[in-house]
Amino acid sequence: MILASIILLGLAAIAADWLHYRRLGPKTPKSRLFLTWVVATDLLPFAVMALGFFSRDNTTPVIMASMWMVWAWMATALTRLVYYTFNFFGWHRTGVFLATAVAALLVVGATAGRTRLRISRVEVCSERLPKAFDGARIVQLSDLHLGTIVRPERELTRLVDSINALRPDWVVFTGDMVNIRAEELDERAARLLGRIKAPVYSVTGNHDIGAYIKDSLHHPMEENLHEVIARQRAMGWQVLDDETCYLHRGGDSISLTGLSFDPALRLLRHKRDLPATGLDRAVAGVPTGLYNLTLVHVPQLRPKITAAGYGDLVLSGHVHAMQCKVRLWGRGWSPAALLYKEWSGRYEDSEGKVLYINDGIGCVGYPMRLGARPEITLITLKRCE
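Mapping of the sequence shown onto the numbering used here: residues 724 to 1108, in sequence order.
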């Protein structure tokens, strides 16, 4: 959807630039300079596609260059479209003001919007929760996409310090540790993430399976996924690969189920109805009478999980709110709502079972977040009498 939108907007920008150039009147050195500038920026999306086509592999430098070229195109072509729209009706000053405002907004999105953490505090109440777990604190983070983090030392240190300051009993990670390849979880990232003090449980996401590596001959998907899991376990994280463990507090227990992202679903990852291929194996022998917390990268699996009698609380990521959210009140609105029924924040069904979708930390497609800041979720479990 992102690629199709960029292509359509790119063609619209080219047409609008040409019409504006035609209306400039007699051609001067200034107008020719303008034409050179717009042609250069209008070609950026096609330069991204060419870079992807001719590169032997989707290395981190290639992906980063592509993302920043997309942002540069947005910051130039989209601002011109805003100006042209108002200038066409004779509102020249309004067009200049709004175009400048859009450009400033995009700059903020690529700087503070991309790096300034948002801590969401959520209370989940259930009569099924054991008494000993009343007040238990769980921190959720998701979608690190390590290969897209511009300043890993600074940004990961801030992230880990923020998590530790919340003093959680457990930390859960809901997939997409890396953006393209396992090597993004390098020694530095492992050292920094390994500083999380609470026990960490994680699952894999669609970016962890290696599906976006072009050179699959030298980097098979299976090996990449195995390496992502192995590197997390080497940090002391417990990766739940379609399996269930038990959390203990006082004399009580709850079940914690982790569903891996199935590589067979990689082309269906945005579909609203997905098969829960690993669910039966993950919950085999797990009593439905226990309060169950399920970690799954894609939120679309929630109906299958709850239908099987589990998922009192389901934690997911994946969507990022498409890194663009208008938050006037409540959940706000995002283009993600066009694809996903449930796309950000808290959802509760008629039985009181809760889904929470974390907006993630890293970026995909473009290095920017507008209204969908990187999120850490602090979930406090409460027993309802």
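Derived by calculation from the structure, the hints in this document are not laboratory data.
Note that the coordinates shown come from a computational prediction; the quantities given were computed from them, not determined experimentally.
Fair warning: there could be bad hints in the mix.
30 Å max Cα-Cα, derived DSBU-like pairs, lysine-lysine [what the hints assert, rightly or not]:
1. Lys854 x Lys1027
2. Lys854 x Lys920
3. Lys854 x Lys1105
4. Lys1105 x Lys1027
5. Lys1027 x Lys994
The calculated label-pair distances, taken between Cβ atoms and stated as ranges, are [what the hints assert, rightly or not]:
6. Glu850 x His993: 32 to 40 Å
7. Gly917 x Phe769: 36 to 44 Å
8. Asp964 x Phe776: 30 to 38 Å
9. His993 x Glu946: 21 to 29 Å
10. Phe769 x Lys1105: 34 to 42 Å
11. Ala888 x Val819: 39 to 47 Å
A virtual CB, placed ideally from N, CA and C, is assigned to each residue, including glycine.
Comparing the hints with the structure gives:
Between Lys854 and Lys1027, the direct Cα distance comes to roughly 28 Å. Compliance with the 30 Å bound is thereby established for this hinted pair. Our distance criterion of 30 Å between C-alpha atoms is met by Lys854 and Lys920, whose separation comes to about 25 Å. Using a Cα cut-off of 30 Å, the hinted pair Lys854 and Lys1105 holds, with the two alpha carbons roughly 9 Å apart. A hinted pair counts as satisfied when its Cα atoms are at most 30 Å apart, and Lys1105 with Lys1027 qualifies at roughly 25 Å.
With a C-alpha separation of about 14 Å, the suggested pairing of Lys1027 with Lys994 holds against the 30 Å cut-off. A hinted range of 32 to 40 Å for the beta carbons of Glu850 and His993 is consistent with their spacing of about 35 Å. Separated by about 42 Å at the C-beta atoms, Gly917 and Phe769 satisfy the suggested range of 36 to 44 Å. Taken as a hint, the range 30 to 38 Å holds for the pair Asp964 and Phe776, whose Cβ atoms sit roughly 34 Å apart.
Here the CB-CB span from His993 to Glu946 is close to 26 Å, well matched to the stated 21 to 29 Å. Checking the proposed 34 to 42 Å range against Phe769 and Lys1105 shows it is violated: the Cβ atoms sit about 53 Å from each other. For the pair Ala888 and Val819, the beta carbons lie near 44 Å from each other, so the given range of 39 to 47 Å is met.
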